[in-house]
Structures are given as structure tokens and as C-alpha cells.
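Asker: Sequence:
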Amino acid sequence: MPFEPNAAVWGSLLGACRIHCNANLAEFIARHLFELEPKISGNYILLANIYSAADRWEEAARIRCLMKEWGVTKSPGCGWIEVKRKVHSFIAGDTLHPLMKDISMKMESLYVQIKETGICPQH
8 MPFEPNAAVW
18 GSLLGACRIH
28 CNANLAEFIA
38 RHLFELEPKI
48 SGNYILLANI
58 YSAADRWEEA
68 ARIRCLMKEW
78 GVTKSPGCGW
88 IEVKRKVHSF
98 IAGDTLHPLM
108 KDISMKMESL
118 YVQIKETGIC
128 PQH
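Residues are numbered in my numbering as their position in the sequence shown, beginning at 1, plus a constant of 7.
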């Protein structure tokens with residue numbers, strides 16, 4: 008490589024490790040990424056998920072413990088959607104919406120329909 012890789016390069020490589028299920032290479036890449044971005048929780052979460060996908064549960068738990076030990080916290084995921092020219096925002100795990108019961112019932116219905124097609128959705 009004609010230049011020193013930065014966090015974006017290492018992060019892209021770590022993401023590729025997730026796609027290609029390469030936990031061993033992910034470890035090597037994550038070490039470099041943790042040096043450059045020691046407080047970015049997404050890097051740790053991605054490595055833990057790679058370990059989990061490879062059934063390396065103890066390593067995944069170790070990464071979660073490292074996060075706690077080093078004071079790295081995960082912010083809740085959030086998203087936005089525009090419906091009829093109005094933007095609606097939501098936060099992962101939020102249960103305060105006044106229609107939460109209806110939303111949960113619809114989500115469960117969609118989950119069942121997707122599963123019936125043979126696709127295994129991530130819940």
C-alpha cells in the first residue's frame with residue numbers, strides 16, 4: 008500500500024472480515040483500529056459480532072468486558088424515515104411511543120411472514 012492505512016481503511020477491512028467470516032484476520036485488523044480509535048464502540052461491537060458469528064463466544068464476551076474496562080460505551084442506534092413529507096425518528100429499544108403495542112404486533116406479524124418465506128431474519 009503506497010500510504011499508511013487510516014481508521015477508514017482498517018474499518019473497511021474489519022467490515023470485510025464480517026462478510027467473509029474471517030475472525031483470525033479480524034483480530035489483527037482490530038488491534039490497529041483500536042490503536043487509532045480507542046473509544047469508537049462500533050469497532051469493538053463489530054469484532055464481538057465477528058467472534059459470535061464464528062461461535063467464539065468467549066472472545067466475544069472478552070471484547071464486551073474490554074469495552075467496559077476501558078470505558079467504551081455504545082450509543083443506541085437511531086434512524087429516520089420520511090412519510091408523506093414528515094420525518095419520523097426512532098431509537099433502538101425505545102418503548103415510549105404511544106402506539107408501541109400496535110407497532111410491536113405489526114413487527115411480529117412481519118417477522119412471521121418473512122420467516123415463512125424461508126429467510127431467517129435477524130431479530
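I should point out that these hints are in silico values taken from the structure, not numbers from a laboratory. Note that the coordinates shown come from a computational prediction; the quantities given were computed from them, not determined experimentally. Accuracy of the hints is not assured; some may be wrong.
[Said to hold, decoys possible] Pairs of lysine-lysine residues, derived as BS3-like cross-links and limited to a Cα-Cα distance of at most 30 Å, are as follows:
#1 K93 to K75
#2 K46 to K93
#3 K108 to K93
#4 K93 to K81
#5 K113 to K91
#6 K108 to K81
#7 K46 to K91
#8 K113 to K93
#9 K91 to K108
Asker: Each hint: holds or not?
Answerer: Do the hints match the structure? See the list:
1. K93 to K75: Between K93 and K75 the Cα gap is close to 38 Å, so the pair fails against 30 Å, i.e. violated.
2. K46 to K93: violated (34 Å)
3. K108 to K93: Given pair K108, K93 holds - Cα atoms ~22 Å apart, limit 30 Å.
4. K93 to K81: Holds - the C-alpha atoms of K81 and K93 are around 28 Å apart, at most 30 Å.
5. K113 to K91: holds (20 Å)
6. K108 to K81: Within the cut-off at roughly 26 Å; holds.
7. K46 to K91: violated (38 Å)
8. K113 to K93: holds (21 Å)
9. K91 to K108: holds (23 Å)
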